[in-house]
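Protein chains in written order, with numbering that gives the first Met the number 0: chain A, 0 to 353; chain B, 0 to 302.
Think of the hints as simulated: they come from the structure by calculation, not from any bench. Don't take every hint at face value.
Mimicking SDA-like on lysine to any residue, the simulated pairs with C-alpha atoms at most 20 Å apart in a straight line are [unchecked claim]:
| id | chain 1 | residue 1 | chain 2 | residue 2 |
| --- | --- | --- | --- | --- |
| 1 | A | K5 | B | V28 |
| 2 | A | K150 | B | S202 |
| 3 | A | K150 | B | R16 |
| 4 | A | K150 | B | V293 |
| 5 | B | K213 | A | H153 |
| 6 | A | K150 | B | H27 |
| 7 | A | K82 | A | D98 |
| 8 | A | K82 | B | S209 |
| 9 | A | K82 | B | S202 |
| 10 | A | K150 | B | G125 |
| 11 | A | K82 | B | L179 |
| 12 | B | K213 | B | S202 |
| 13 | A | K150 | B | M207 |
| 14 | A | K150 | A | V106 |
| 15 | A | K82 | B | M207 |
Keep in mind it's a predicted model, so treat the numbers as computed, not measured.
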Amino acid sequence: MEAQLKVRDLQVGFDVFKGHVDVVKLDELSIGRGESYGLVGESGAGKTVLALTLLGLLPQPPAVIHASEMRLGGVDLINMSPKELRAIRGRHIAMIFQDPMSALDPVYSVRAQMSEVICRRAGVDRAEAFERILKYMHLVELPDPETIVHKYPHQLSGGQRQRLIIALALSCGADFLIADEPTRNLDVTVQASILKTMYRLRQELEVSMLFIANSLALVSAMCDRVGILMRGRLVETGTARDIVEEPMHPYTLDLLHAVPRKGEALVDNGVGLTDVDASRSACCHYRRCRSRGPACENTEALAMLPVSETHAVACPKAAAASPAVLAEAALGLASAPAATGYRVVQHQSRRGDT
Amino acid sequence: MPVPVGDKNAEYPTAVRARLRQMRQQWHVLTRNNVQKAAVIFIALLCVAGVLAPYIVPYPDSITGKVVESEILEPPSWSHPFGTDEFGRDIFSRVLYGIRVSLAASVIVISIAIGLGATFGVIAAGARGIIDEVIMRITDIFLAFPVAVLAIVITSFWGGSLRNAIIALGISWWPWYARLVRGTALSIRERPYVRAARALGTSPLRIMFSHILKNSLGPTLVLASLDMGAVILMLATLSFLGLGAQPPTPEWGLMINQSRTYFLSAWWYMAFPGAAITLTVLSFSIVGEGLGEVLNPKGRGRG
Numbered sequence: 000m001e002a003q004l005k006v007r008d009l010q011v012g013f014d015v016f017k018g019h020v021d022v023v024k025l026d027e028l029s030i031g032r033g034e035s036y037g038l039v040g041e042s043g044a045g046k047t048v049l050a051l052t053l054l055g056l057l058p059q060p061p062a063v064i065h066a067s068e069m070r071l072g073g074v075d076l077i078n079m080s081p082k083e084l085r086a087i088r089g090r091h092i093a094m095i096f097q098d099p100m101s102a103l104d105p106v107y108s109v110r111a112q113m114s115e116v117i118c119r120r121a122g123v124d125r126a127e128a129f130e131r132i133l134k135y136m137h138l139v140e141l142p143d144p145e146t147i148v149h150k151y152p153h154q155l156s157g158g159q160r161q162r163l164i165i166a167l168a169l170s171c172g173a174d175f176l177i178a179d180e181p182t183r184n185l186d187v188t189v190q191a192s193i194l195k196t197m198y199r200l201r202q203e204l205e206v207s208m209l210f211i212a213n214s215l216a217l218v219s220a221m222c223d224r225v226g227i228l229m230r231g232r233l234v235e236t237g238t239a240r241d242i243v244e245e246p247m248h249p250y251t252l253d254l255l256h257a258v259p260r261k262g263e264a265l266v267d268n269g270v271g272l273t274d275v276d277a278s279r280s281a282c283c284h285y286r287r288c289r290s291r292g293p294a295c296e297n298t299e300a301l302a303m304l305p306v307s308e309t310h311a312v313a314c315p316k317a318a319a320a321s322p323a324v325l326a327e328a329a330l331g332l333a334s335a336p337a338a339t340g341y342r343v344v345q346h347q348s349r350r351g352d353t
Numbered sequence: 000m001p002v003p004v005g006d007k008n009a010e011y012p013t014a015v016r017a018r019l020r021q022m023r024q025q026w027h028v029l030t031r032n033n034v035q036k037a038a039v040i041f042i043a044l045l046c047v048a049g050v051l052a053p054y055i056v057p058y059p060d061s062i063t064g065k066v067v068e069s070e071i072l073e074p075p076s077w078s079h080p081f082g083t084d085e086f087g088r089d090i091f092s093r094v095l096y097g098i099r100v101s102l103a104a105s106v107i108v109i110s111i112a113i114g115l116g117a118t119f120g121v122i123a124a125g126a127r128g129i130i131d132e133v134i135m136r137i138t139d140i141f142l143a144f145p146v147a148v149l150a151i152v153i154t155s156f157w158g159g160s161l162r163n164a165i166i167a168l169g170i171s172w173w174p175w176y177a178r179l180v181r182g183t184a185l186s187i188r189e190r191p192y193v194r195a196a197r198a199l200g201t202s203p204l205r206i207m208f209s210h211i212l213k214n215s216l217g218p219t220l221v222l223a224s225l226d227m228g229a230v231i232l233m234l235a236t237l238s239f240l241g242l243g244a245q246p247p248t249p250e251w252g253l254m255i256n257q258s259r260t261y262f263l264s265a266w267w268y269m270a271f272p273g274a275a276i277t278l279t280v281l282s283f284s285i286v287g288e289g290l291g292e293v294l295n296p297k298g299r300g301r302g
């Protein structure tokens, strides 16, 4: 698959009062055209920082960014001037922000906000822009666009606003979308229907998507491939099915087990995100890993170890312990990702209907 | 030429209707209680009277320095509702005409202050760093002097005239707006919608002036309408001191100054211009508070 986004050796850190903090450290991340990539991690894992880095929205300083390669659609993002970056934003890359309640400017009506973007991007007049606004509002399944278009953000519900934000992101013709927890603060029914809309739009418009969330269920429903991010490092990557059905990294297992189930005690491994002992192990999960062994006390940097064609994990112990997965991969039984995603989406909306 | 057909402009009636409805709501919020309603009506009357003053003053000659010796210092009567002054001029005509002077002058003063203040404030908030520091220290210098003292110094330096008084007040008033706008802008530039606009590739200049400035304007306009009263008062003060409008301009403060000599024998000479100042200043502060509610989009209610 042709890579729409390609990132190699990305390091993002912040100069703080006491020296320097590394927030994101990625060896490789590539997202194909029309592909949807899910990024999962706890809060503080560096998901949003990664998104802002890709958009060029992190102010430097305090941020310090190093990368040996960062390309979007073949265009080099590293050596771009702020002005060039601005031209890329909106036109090729757009972001759907976490909080739909405050991502719209309260003093402008829906129409004014949308035509600001459309007029500037497409260079059309007001009447033409208006038709496009209605078109995009239809596209994101907003009911009664002719009425809503004249309203102000505070007059709309959270779900309506989030749909508008999606419309806004799409209306400038971006082919790479970063969705940063787009359904946080929304209730499950609205969440399900918005995700369904996004899934459909992604297929219809063939946009690539980086979908950020802290719920594995959400991501496996929406995405072809999934990366698990811990302290800014990818610890496991694979197709949605790889991750959900054959999780390998102890951290991924922890994430999956963190979902409360009936009749099961809640797991709390008791170690905060900040407690990392770099002098004992290069693995940032070491302190709270429940399956760690003496071999884990190794301060050499961990590489991603492939366990199948699509699946890789940054834990030597887990990778070694999965001959079954290796055998399956050797037989070419790698899963079809899109089918997985769709199945879970339907499951979610069924739950939403009740 | 073919008649344009189709829905291309069908949106406008809806838009106009929505705007009208919004204006009705704003009017409703503004006139929710009787005191506010009275203040709004009073200011509306002032504006109308000010605009029409040259056509409705009963004694146009009284505006200039024309002396009518037979009617000097007459108490209020049907022919002169506010009485006459020491030159036999009709005080009602002069108070009426004074609206024009006071309102126009204070609108200009406020415009100068907002123009300078909002621009510098937004630039300070947007640029941060050294530019911010320099602008804010300049406002500190200005704010170290009371407005009255600063305006008196400037006008006495340039010589007293209405024009100089307006410029002096504008110059001594802008730092308040610069600070207010900077403060609001600083909080607004970190709001998610500003970040969202940035993520959509909106240019920094556009973000600064269309998103940040427009969102900081609510508090600014409230301050402006509250200040209207203060500016009118300040202009009257300067005129009273002989540093503002010069005779025979029918300016309220100047009239009060001239009436001092006759304070014990002709109460009406001081009372009516004084009442005009009091009521106007009071109305503007009441309306200013009401405006605060209207301009907050959340106060508009459901549409």
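Hints broken by the structure, by number, lowest first?
Result: hints 1, 2, 7, 10, 11, 13 break, sorted rising.
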